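Heads up: the sequence lines are chains L and F, in that order.
With the working numbering, you'll find the first sequence wraps up at 572, consecutive numbering, no jumps.
With the working numbering, you'll find the second sequence wraps up at 572, consecutive numbering, no jumps.
Hints are supplied without guarantee of correctness; some may be wrong.
Straight line, CA to CA, 25 Å or less: simulated PhoX-like cross-link-like pairs of lysine-lysine [said to hold, decoys possible]:
#1 LYS432/L to LYS432/F
#2 LYS513/L to LYS188/L
#3 LYS513/F to LYS432/L
#4 LYS539/F to LYS188/F
#5 LYS432/F to LYS188/L
#6 LYS539/F to LYS513/F
#7 LYS513/L to LYS539/L
#8 LYS432/L to LYS539/F
#9 LYS539/L to LYS432/F
The hints are simulated quantities; they were obtained by calculation from the structure and are not laboratory data.
None of these values were measured; they are calculated from a predicted model.
Read off the chains here:
There are 2 protein chains.
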Amino acid sequence: MNATSQTLASSNVTPTSIRVDGARLWQSLMDLAQIGATPKGGVRRLALTDLDRQGRDLVVGWLRDAGASTEIDGAGNVFAVRRGRDDAAPVVLTGSHVDTQPSGGKFDGNYGVLAGLEVLRTLNDAGVVTTKPVGVAIWTNEEGTRFIPTMGGSGAFARVFTLDYLLAQRDIDGISFGEALHSIGYAGSTPVGELAVDAYFEAHIEQGPILEREDRVIGVVTGALGQRWYDCIWTGQDAHAGPTPMEARHDALRGASRMVEAVNAIALRHAPDGRATVGFMQVKPNSRNVIPGQVTMSIDVRHPDDEALARMDRELREASSVIARELRLECELRQVVEFPASHFNVDCVNSVQSAVEMLGLSSRKIVSGAAHDAVYLSRVAPTSMIFVPCKDGISHNEIEDARPEHLEAGANVLLHAMLARAGV
Amino acid sequence: MNATSQTLASSNVTPTSIRVDGARLWQSLMDLAQIGATPKGGVRRLALTDLDRQGRDLVVGWLRDAGASTEIDGAGNVFAVRRGRDDAAPVVLTGSHVDTQPSGGKFDGNYGVLAGLEVLRTLNDAGVVTTKPVGVAIWTNEEGTRFIPTMGGSGAFARVFTLDYLLAQRDIDGISFGEALHSIGYAGSTPVGELAVDAYFEAHIEQGPILEREDRVIGVVTGALGQRWYDCIWTGQDAHAGPTPMEARHDALRGASRMVEAVNAIALRHAPDGRATVGFMQVKPNSRNVIPGQVTMSIDVRHPDDEALARMDRELREASSVIARELRLECELRQVVEFPASHFNVDCVNSVQSAVEMLGLSSRKIVSGAAHDAVYLSRVAPTSMIFVPCKDGISHNEIEDARPEHLEAGANVLLHAMLARAGV
Numbered sequence: 149m150n151a152t153s154q155t156l157a158s159s160n161v162t163p164t165s166i167r168v169d170g171a172r173l174w175q176s177l178m179d180l181a182q183i184g185a186t187p188k189g190g191v192r193r194l195a196l197t198d199l200d201r202q203g204r205d206l207v208v209g210w211l212r213d214a215g216a217s218t219e220i221d222g223a224g225n226v227f228a229v230r231r232g233r234d235d236a237a238p239v240v241l242t243g244s245h246v247d248t249q250p251s252g253g254k255f256d257g258n259y260g261v262l263a264g265l266e267v268l269r270t271l272n273d274a275g276v277v278t279t280k281p282v283g284v285a286i287w288t289n290e291e292g293t294r295f296i297p298t299m300g301g302s303g304a305f306a307r308v309f310t311l312d313y314l315l316a317q318r319d320i321d322g323i324s325f326g327e328a329l330h331s332i333g334y335a336g337s338t339p340v341g342e343l344a345v346d347a348y349f350e351a352h353i354e355q356g357p358i359l360e361r362e363d364r365v366i367g368v369v370t371g372a373l374g375q376r377w378y379d380c381i382w383t384g385q386d387a388h389a390g391p392t393p394m395e396a397r398h399d400a401l402r403g404a405s406r407m408v409e410a411v412n413a414i415a416l417r418h419a420p421d422g423r424a425t426v427g428f429m430q431v432k433p434n435s436r437n438v439i440p441g442q443v444t445m446s447i448d449v450r451h452p453d454d455e456a457l458a459r460m461d462r463e464l465r466e467a468s469s470v471i472a473r474e475l476r477l478e479c480e481l482r483q484v485v486e487f488p489a490s491h492f493n494v495d496c497v498n499s500v501q502s503a504v505e506m507l508g509l510s511s512r513k514i515v516s517g518a519a520h521d522a523v524y525l526s527r528v529a530p531t532s533m534i535f536v537p538c539k540d541g542i543s544h545n546e547i548e549d550a551r552p553e554h555l556e557a558g559a560n561v562l563l564h565a566m567l568a569r570a571g572v
Numbered sequence: 149m150n151a152t153s154q155t156l157a158s159s160n161v162t163p164t165s166i167r168v169d170g171a172r173l174w175q176s177l178m179d180l181a182q183i184g185a186t187p188k189g190g191v192r193r194l195a196l197t198d199l200d201r202q203g204r205d206l207v208v209g210w211l212r213d214a215g216a217s218t219e220i221d222g223a224g225n226v227f228a229v230r231r232g233r234d235d236a237a238p239v240v241l242t243g244s245h246v247d248t249q250p251s252g253g254k255f256d257g258n259y260g261v262l263a264g265l266e267v268l269r270t271l272n273d274a275g276v277v278t279t280k281p282v283g284v285a286i287w288t289n290e291e292g293t294r295f296i297p298t299m300g301g302s303g304a305f306a307r308v309f310t311l312d313y314l315l316a317q318r319d320i321d322g323i324s325f326g327e328a329l330h331s332i333g334y335a336g337s338t339p340v341g342e343l344a345v346d347a348y349f350e351a352h353i354e355q356g357p358i359l360e361r362e363d364r365v366i367g368v369v370t371g372a373l374g375q376r377w378y379d380c381i382w383t384g385q386d387a388h389a390g391p392t393p394m395e396a397r398h399d400a401l402r403g404a405s406r407m408v409e410a411v412n413a414i415a416l417r418h419a420p421d422g423r424a425t426v427g428f429m430q431v432k433p434n435s436r437n438v439i440p441g442q443v444t445m446s447i448d449v450r451h452p453d454d455e456a457l458a459r460m461d462r463e464l465r466e467a468s469s470v471i472a473r474e475l476r477l478e479c480e481l482r483q484v485v486e487f488p489a490s491h492f493n494v495d496c497v498n499s500v501q502s503a504v505e506m507l508g509l510s511s512r513k514i515v516s517g518a519a520h521d522a523v524y525l526s527r528v529a530p531t532s533m534i535f536v537p538c539k540d541g542i543s544h545n546e547i548e549d550a551r552p553e554h555l556e557a558g559a560n561v562l563l564h565a566m567l568a569r570a571g572v
């Protein structure tokens, strides 16, 4: 606690009247985006690289300058905590990540961390002393592009997998997560998962088009879609494209192509909440004049209701059988990942909703289509999220963009949701 | 002409009674297949590699042992000619190639060359002196896997492209065709395309399932399918698979998948002669949880009638427009290769048919679905081909297989078609 806040703590500042400094938040975002900046205006700052270290060092410096005491756990997660009146109380936590996609943007993850920093700075400026401590987390390797799994730091924190499992993961050059973490100086000594969290709030760009399309400033996030990921392998018979009559073919790409249409049809049958995507396809031998003998494709199916997700699973299996039989192919459909649907804590969702109303912002309830660190945090602490619009719904892309006034509004909602929870 | 043939030339051998030695032909095929043999029983002997040199050296040695005089042209094509009574007459030529696919078989190409060798050996054994010279060609780089274009040697011979163009092609390591040809010692001095060819016959495995399915021993090849090759590029918008509602997507893979079905439907509308294949597909960014923003696919369309091929072209363009409009995508459909349909010479086809009937073999007329050196030769000389069945119609594969009695029958047809043309 610094001198300024001690002075103002006893003044008559009404916490509901305080607001973040949108210009300062924007400047911090732009400054951080310089580290790993790409020519097209994006950011490439992969987890546990030297650029990640530079980004973390910058943000940790800012958090310390804001009077927070920082500690680092064995997974490299950083916790910057601003003391409260009751320092033994669990922390009202916010945060996100500062690693990016290989061709990522300035806002995904970074916004959640720097909105948290802006909350601390704003509390300092206003001299507010909260009852419970408030803190900002930087979770390690959310994107999962250099090391799998995604959301590695928050997953270890929530004991979804062990720290040993996480540290043993290797990148394509054979370097382990543990080695890389050590080399950037972020292998901390705090035990993983032991911080007592009163509640967790995460601000994030929507990464979808809904808020922008409906002209709402805030998405009050009530949960996250359940997800099932599959590998789907079609096997036919390679054959020469010229001499092989159509009726004699066993063309694996025809099976895969019909399955793409079936996957989309299943999602549309479960509209508007169901989603299904084929993002990856590999054709063998992938030669212009050879009928494909094998095609491997991914299927990603999402729904906010686990029972509906199970129905989509059955429909996928039925579709693959019918297509395989009709086209005389083999089809192997193998589920490789399952995230149950997340339902965020009602009190936390209400805290966000109340802040939105107090601030007079347009909003809608929304379910996160993507997974976030908050999804894992919700397993061990009351959690909610705050979404703001991003341009054209685009993220994981260098052209990812968001408007300063929306980022400012989201940070104000974060501030007041945390304040309501932390007490003054 | 050797002593044996001189003696027997004046004897009363009836040429119609002579037959090839099927066991000797089979043994030559098996011996040649040792060079570049793969563990799965196939052959990997890419054009202009040292293995290609070893294969050529072995076969050229056999041809010289059979009394043929050999010359090599500037494209590396080998011509082994057995003298006739009228040595000034154009050569009755056969041949094929000894280069293979990367995972190729023992018979594709090799059979046509060694059937030609077996014809020379049989003529020698029977002491037959033909009126016109007969010869065997080894065409360079038919497969086109290390260097494009395919059918490079025969294409240069037929003046489809210039020798300079051919020699300037480079492999992925930057080595030119000319350098590679020189390094294996097959850069000959004979001018390309100057050999006078009376007629060209090529024996080949069918590379399709028709003969086997109909239990015929010989395919009397009347021509080759016309071909059009296309690149088809679908452009939508990358987006995150989770947060992007189905109705907001511009999924390039949906366009490509519908196009795969359209391509197949177009071929079926032009059954039984029309064929169309998508063999290659590349998805971008090809990530499990990203809606594909761009998909590039190949389309290979074939038909024995050029007007039907033009109709298939129009149907492709129409289908791509409809799909692009419905799915709100961009589609670029670009033709990259066109081979008009080939119609082989009626006299040459009749020579093959007569030989089949004289030998009492089951047969059917057939149109080659694949291109062969014979397709280029047919532009500069009267040409036909002889097909024999291959197991399950499979080629360009290590498991390519053919039955000794079929290979023998095909060589006998070749022998008598050439004899009829060369005269005794």
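Evaluation of the provided hints:
With a CA separation close to 17 Å, the supplied pair LYS432/L and LYS432/F stays within the 25 Å bound. Taking the CA atoms of LYS513/L and LYS188/L, the gap is near 33 Å; set against the 25 Å cutoff, the hint is violated. Proposed proximity of LYS513/F and LYS432/L is contradicted: the alpha carbons are some 32 Å apart, above 25 Å. Taking the CA atoms of LYS539/F and LYS188/F, the gap is about 16 Å. The hint holds against a cut of 25 Å.
For the suggested pair LYS432/F and LYS188/L, the alpha carbons sit about 18 Å apart, so the restraint of at most 25 Å is met. With a CA separation close to 19 Å, the supplied pair LYS539/F and LYS513/F stays within the 25 Å bound. At most 25 Å may separate the alpha-carbon atoms for a hinted pair to count; LYS513/L and LYS539/L meet this at roughly 19 Å. In summary, the hint linking LYS432/L to LYS539/F is supported, as the alpha carbons are separated by about 21 Å, within the 25 Å threshold.
With a CA separation close to 21 Å, the supplied pair LYS539/L and LYS432/F stays within the 25 Å bound.
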